[in-house]
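Just need the whole structure built from these sequences, with the hints factored in.
2 protein chains.
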Amino acid sequence: MKKVLIFGSTGSIGRNALKVIGKAKGQFKVIGLSANRDIDTLNRQIAEFRPSFVCLNDRSQAEKLKSRLPKGLEVFSGESGLLEFASLESDISLMAISGISCLRPLLKNIKHTKRIALANKESLVTAGSLVFEEAKKQKTEILPVDSEINALFQLFETNKSLTNGNLNRVYLTASGGALAGCKHKDLSKVTVGRVLAHPTWKMGPRITVDSATLVNKGFEVIETHFFFNLAYEKIDILIHRESMIHALIEETDGTLFACLYPPDMKTPISFALHYPDRKKGNCKVNFKNSFSCNFRPIRYSDYPLLKVTLDAAKRNDNSLVILNACDEVAISNFLKGKIKFTDIGKVITKVLEKYPAHQIKNINDVLGWDNWARIKAEELIDKL
Amino acid sequence: MKKVLIFGSTGSIGRNALKVIGKAKGQFKVIGLSANRDIDTLNRQIAEFRPSFVCLNDRSQAEKLKSRLPKGLEVFSGESGLLEFASLESDISLMAISGISCLRPLLKNIKHTKRIALANKESLVTAGSLVFEEAKKQKTEILPVDSEINALFQLFETNKSLTNGNLNRVYLTASGGALAGCKHKDLSKVTVGRVLAHPTWKMGPRITVDSATLVNKGFEVIETHFFFNLAYEKIDILIHRESMIHALIEETDGTLFACLYPPDMKTPISFALHYPDRKKGNCKVNFKNSFSCNFRPIRYSDYPLLKVTLDAAKRNDNSLVILNACDEVAISNFLKGKIKFTDIGKVITKVLEKYPAHQIKNINDVLGWDNWARIKAEELIDKL
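Protein sequence lines correspond, in order, to chains G and B. First residue of the first sequence: 1, per our numbering; consecutive thereafter. First residue of the second sequence: 1001, per our numbering; consecutive thereafter.
Beyond 10 Å from chain B on every Cβ pair, some chain G residues (computed):
1) Ile39
2) Lys66
3) Tyr300
Think about it this way: if two alpha-carbon atoms lie no more than 35 Å apart in a straight line, the pair counts; the simulated DSBU-like pairs of lysine-lysine are:
4) G:Lys183 - B:Lys1284
5) B:Lys1139 - G:Lys160
6) B:Lys1160 - G:Lys284
Simulated from the structure, these hints should not be mistaken for lab results. By construction, the Cβ of each residue, glycine as well, lies at the ideal position given by its N, Cα and C atoms.
Spelled out as structure tokens, the structure:
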């Protein structure tokens, strides 16, 4: 049985991962679960999977949980506790903590596991080089859980075009998010509820808002760049509302290979956990019904923040750290009803207009600039 | 420069192959061209490609051609001439003769070439085992030109599911042919012109009629069976009007891989000639425009001859030889206006109702039963 640590077990990816593990009787032993503060869900997960270790980010919730738990189960808490939790030895670690707070536990955990199933995007967006350098040094495998990157991984797993010079370009598909078709003038009035109603994927709130601005797709372009060492010029985006085809690769002779599965995260999670085996029981395309796959070119003018994200990526300095921090802060404020949807873009572009450009050399650079940008973003939001 | 023989150079595939070769300056030397009787087209091809050998099936046309040609060019004619032509040594032979008349030259040529780029279906439908046994014995590579089988070949070239047990099934796509949506009661009245107006592919007349009855798709299922040694139960058909995705493979975990290119035969021909290289310059999917790929399950009741073809395939006796012969004879009569579209099915099912079932052991069995069925079919047509 493979020992598994789940970082972010009560979120959307974590819950789906536990469903996949629950089905794969006798193949995985969940040794640890980490969560932010949802002790009710965590408690149910503990009862079902009987881990030896749990970790809660929220210290007061951790105290509450401790009083309820059987003895012999070790509870970590807070940021330092999460780093201790990340030092536990595992065969596979699922990294499904949202945001940049995943970065330190990820870099720590790379030393203590054989495989990272990586669902977190922000760690690659802010520190892609550092993460892959560390993984290489520690000989730790990183498998992408994000469906588009997972699809590319599956395509490139066997296709030789990455190494034989026959790759023309790759296409990531984008549903267009919850606001596709919404008029520019109406964007300032859209409600949180509307933004969170994603047409195809059920995901956490941060990523769902990022899907509406397509910052999320920009992040996936960056993930693709780091995962496959691909130049940004070779990565394109296609609007594909149905989210059936997740990625395509185009060979020099014009032939395309596509990877398809229904929009259900259990499929890429199952792939990342079972690889190189494939397990039955995932949601399948039902060919007994008719279905359509529609594609259209992306209009960058509809998604100004996507362009901002891709421009920042190409600068290869601290701008992605700053962009991500502003995005996290602004979305958090939008979800609390403090700012309008269009203010997310305002905050990001305003902070990125004037920032001291610096190279990112280590994790302290990342966290320092993250902190700098958060303060700037909060200041701006207070003045809005 | 690779020495190339083209069998069927004046047909649709042959002409496209010469376009591909014409573009690939300095890579191929066309040493021989064979045609049925179209000496005007052949003459132009001779002037452009300057082969050393030509072959015409029609002996009187061959005599006409000889009088026009420069000395030093050897002209073969008739069936025996074609077998001599097939004994010429080449690096690659494109087999694009239509119908069962390709079988003997193919079996002969396997001994004299390194690679067959196979566009002919009937040789595999009537003698798939014999063809692949001979290719194995002679260590001759056979690459599929037919777009669906070519797409599967490209998918399986690297995907390991054929050997590692992870293959669930394969899907061949079908446009549905020129008569999709035509009501049953109107089928007896459809004109040759309407049947030949294929929605997506420009092809020769025989295959275009076979595309309307979907006998062609049945033939592709049989090709798939022989090319990849796949059980018939693992091969499905999907209606996909746009002919962009040519085939899909489904892994046991539900993930699908698809191969796409625009419906232009130059792409699979170029693949089969250049393999393992890939050459630029083919028609590409234009992602600057929107496009849709629609899929629906096939209704077998709409295509009774497809069911007849698949049933015959599974009997593993001489029934496919008989079916193909009746189909060739009936289509030839339909194209001449002698019988109605619906008579094609009548002829095939009538002959297949009562036939002496025999195993096919060698090429003489194939040609014997082919001849037997042709006589039966002609008799039936005379009585219609």
